[in-house]
Structure formats: C-alpha cells, structure tokens
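These protein sequences, in sequence, are chains A and B. Take the position in the first sequence, starting the count at 1, then add 83; the result is the number in the numbering used here. Take the position in the second sequence, starting the count at 1, then add 74; the result is the number in the numbering used here.
Check before you lean on any hint, since a few could be wrong.
Coverage of chain B stretches by chain A, computed from C-beta distances (three or more under 8 Å per stretch; other residues unrestricted) [stated by the list, open to error]:
| id | stretch |
| --- | --- |
| 1 | 154-166 |
| 2 | 183-194 |
In silico DSS-like pairs for lysine-lysine, Cα to Cα no more than 27 Å straight-line [said to hold, decoys possible]:
| id | chain 1 | residue 1 | chain 2 | residue 2 |
| --- | --- | --- | --- | --- |
| 3 | B | Lys94 | A | Lys158 |
| 4 | A | Lys310 | B | Lys80 |
| 5 | A | Lys241 | B | Lys94 |
| 6 | A | Lys130 | B | Lys102 |
| 7 | A | Lys265 | B | Lys244 |
| 8 | B | Lys244 | A | Lys310 |
| 9 | B | Lys242 | A | Lys265 |
| 10 | A | Lys261 | A | Lys294 |
| 11 | A | Lys281 | B | Lys94 |
| 12 | B | Lys80 | B | Lys94 |
| 13 | A | Lys105 | B | Lys77 |
| 14 | B | Lys77 | A | Lys140 |
| 15 | A | Lys261 | A | Lys158 |
Hints are computed from structural coordinates only; laboratory data are not their basis. Values in this document were obtained by computation on a predicted structure and should not be read as measured data. Glycine included, every Cβ here is placed at the ideal spot set by N, Cα and C.
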Amino acid sequence: MENQNLENIIRYVNGEMQANEKEVFEQELATNINLKEDLLLYLNVDKTLRSEFSNNKTDRAFKENLVSLNQQYFKAEQKPTAKIIKINRLWYAAAILIVGLLIWAPWNHDIYDKYADTEMVSFAERGAVNQDNLQAATDAFNAKDFNKAKGLLQPLVKENPDDDMLKFYLGLTQFQTKEYEKAKSNFTTVNKRASIFKYDAAFYMALTYLKQDNKAEAKVWLNKIPKDSDEHQKAKDILDNL
Amino acid sequence: MQKIHKDQYFLEGLISNNHKVVQEIYAKFSDKIKRHILNNNGSVDDAGDVFQECLIDLYNQAKYKDLKLSCPFEPFFLLMCKRKWLNALKKKAIIPVTNNEEDLLNISEDVFLQAEELEAQQEQSELYLKMFQKLSERCQEIISLSLTDQHQEKIAEDLGVTYGYLRKKKSECMASLILMIRKEQG
Chain A
84 MENQNLENII
94 RYVNGEMQAN
104 EKEVFEQELA
114 TNINLKEDLL
124 LYLNVDKTLR
134 SEFSNNKTDR
144 AFKENLVSLN
154 QQYFKAEQKP
164 TAKIIKINRL
174 WYAAAILIVG
184 LLIWAPWNHD
194 IYDKYADTEM
204 VSFAERGAVN
214 QDNLQAATDA
224 FNAKDFNKAK
234 GLLQPLVKEN
244 PDDDMLKFYL
254 GLTQFQTKEY
264 EKAKSNFTTV
274 NKRASIFKYD
284 AAFYMALTYL
294 KQDNKAEAKV
304 WLNKIPKDSD
314 EHQKAKDILD
324 NL
Chain B
75 MQKIHKDQYF
85 LEGLISNNHK
95 VVQEIYAKFS
105 DKIKRHILNN
115 NGSVDDAGDV
125 FQECLIDLYN
135 QAKYKDLKLS
145 CPFEPFFLLM
155 CKRKWLNALK
165 KKAIIPVTNN
175 EEDLLNISED
185 VFLQAEELEA
195 QQEQSELYLK
205 MFQKLSERCQ
215 EIISLSLTDQ
225 HQEKIAEDLG
235 VTYGYLRKKK
245 SECMASLILM
255 IRKEQG
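Bound conformation, chain A alone (with noise of 0.2 Å):
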C-alpha cells in the first residue's frame, strides 16, 4: 500500500476531503481493486480497535452483566465432607426433631414476601420508548419509590401499548401499591403474549393471589410455569409451602 493512498482513504474515511477530491477519490475505488482492498481493510482495523479500546458505558454494563451471571452460573460445586459420626438414640432423635422444624419452618411461613422484592432491569437503546423517563422510572423502582414509579410507568405504557416489558413493571408497582385487580389485568396480558416476560408475569400473578388470600388461584397459576423457565424454582417453592 503506498502511503499516499493510505493517508487518502484515512482522510476519506475522516470526512476530511473537499467535494470534488471525495468524486475524484470515489472514481478511482470504483476501477482499482487495490484502493478498494485497502479501504476495506482500514474500515476492519478500525472496527478491531473500536470493539477493543472504546470500552463505553453499554460495552462494560454488559460484562459486569456477564461477570455476575458467571458467578451465579459457575460456581464451583462444594462437596460436603461426608462424616459418619456415631450418634446414641436420644441424639438421634433430637436430629430428628430439628430436620423437622426446618422442614415445617413455622418462622417461614411467608416465603412468599421473600420473592416479591424484585428489581427493574430497564433495557438500553430500546427504540421508542423515552430513554430520560424510562431511566426515571427505572431509579424510582429500584429506590423502591413505587408510587413515582408507576406515575413514570402509565404515560410510557400509553405511549407503547405493545411494550410488555414496560406493562410488566407497571403491573409490579401496583402490585406493591395494593392495586391489585389492576396489576393482574397487566400480569394477564403479557401472560397472553409470546413475550420473554410471560412467566414472571404467571409468577406474579400467582403472589398477587396470595396477597388477597386467594390460594387455590395462586396454585392454578404457579402451575402454569414450566420446568424449563427461570422461575421454575422460585414457583416450586412456594407451592411446596402452601
């Protein structure tokens, strides 16, 4: 490559030419193959060392994402040491006595609150939706201001009837302001959709039931939540202790 083409395709690429060197320049690449080789090349040093070196905002919330969902993923499994330890009869059945307060765990009995604490994880560079208002909504929630949350959250739902992600979090503020019957209808509608929020919303539907003492339906909707969903476990839990 000589180096006065490179210094050309840089100026190119820079903007820095004048209108009529830019055609002149632009003539040539379309006949020789060897500028255009060059140009290409350039453009794919440059995007290496941009995905390298720029390290912005978004690039390092998403490897703080990975790095804790590593932690969570792979942790190394550690192995009880199994002990053999003889024990007389009174021992053993006061071994009995305690595995069996921890199964009935009468202290546990609202298991259930436990899960009802959540975070918002607002999603960046979703299109429409107001990124100031979401950001907003997003802090209020997490501060756990629900009422300035779900003040933030109806004109955004308005605006994008179709957002579940949105239409969820409205619904979890004002399950946590005690509207319930409102939160149900937003949990049903994204239950309805294909949509990666459709087993939380299930999920929260069923605590929603059991906030209003209403067990049978909280079961029916615990049910619903497949094997193979995040909330698989959580929905185990609970239905094991009602």
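We have chain A; now place chain B onto it with these hints.
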C-alpha cells in the same frame, strides 16, 4: 445475501444487554459447556471463562462488525465454546478433547460454516491487535484514547497537545499500523 435466522434475537439481546436474553443463554447452555469442559481436562472456572469469552466475542462481532446469525444459535454457540476450549488445550499442550463425534454428526453444514467464519474473523482481529502492540507507546496511547467516547478536544488537552496535532498523529499511527499488518499478511 444469506437469510437471517430467527435466533438472531440472541445477538440483538447481547448487543442491547437485555438481561432476560443474556440470562436465557446462561440458563440454557451453561450446564452443557460445564459438562463438556469438566470431561475434558478443565475446571468449572475454565468453563466459566470460555463461556464468558465466547459471549464477549459474539457481542463484539455483532455490535462492531455487524455479525448476523444465519444458522440456529444453540449448536453454533456450543461449537464456538468447544473450539475455544480445544484451542486453549492445544496452547497448554494437553492432548484434547474427547471426541464428540456423535455431537458433530448432528451439526449441520451452515453451523460449521458460520463458526469457521467467525473463527477466521477472530484470528484476524488477534493479528491486528498483536501488530497494534508493536506500535510505539505514544501511538498506542493516541489510538486507544481517540477510540473512546470522550471528546477529541478533551483527549488532546489530556495529552497536552493541540487538536490538530492529535488528528495528524493519529492518522500517522494508523498508517504505520496498516502498513505493518499488510506486511505481516504478505
């Protein structure tokens, strides 16, 4: 132009850091990769590293180089991870990887092609970065800083040079880099 596979949503989800989609990838595939690597001289940590590196490769290719998926995601991603592990073993000079002829038989041509294409791209990127390391430190600093989101004027100020000088120097540095790559590629 090849048809884009409906599983392209996995790549879109990675680019937009869509938590649900990224988690779906972990939930569906992490166990498979863990099992493969544990059965082939690796640890759980190795499996985690390979998995994470493959996702970052995909993210970069999709975001910066416009990779489009023309085959189903699952076999493609699993093949990518397995190859990455195979290469890591080769580097450590451990003889590999128990054959998965059975799995391989089930992988269709388009998956292989796309995995190979991606691997070629990765190798190319590695070469570019290796050459980049051979630039002078000043050149490396100037190029890497100018590719961040910061304002170029601000970068010039931080480096203690004028904006015009920064632009000129960056072009020179890029030119040396491209010449080195050309030479290396023969």
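Q: Output the numbers, in ascending order, of every earlier hint that fails for this structure.
A: Those not satisfied are hints 1, 2, 6, 7, 8, 9, 13, 14, 15.
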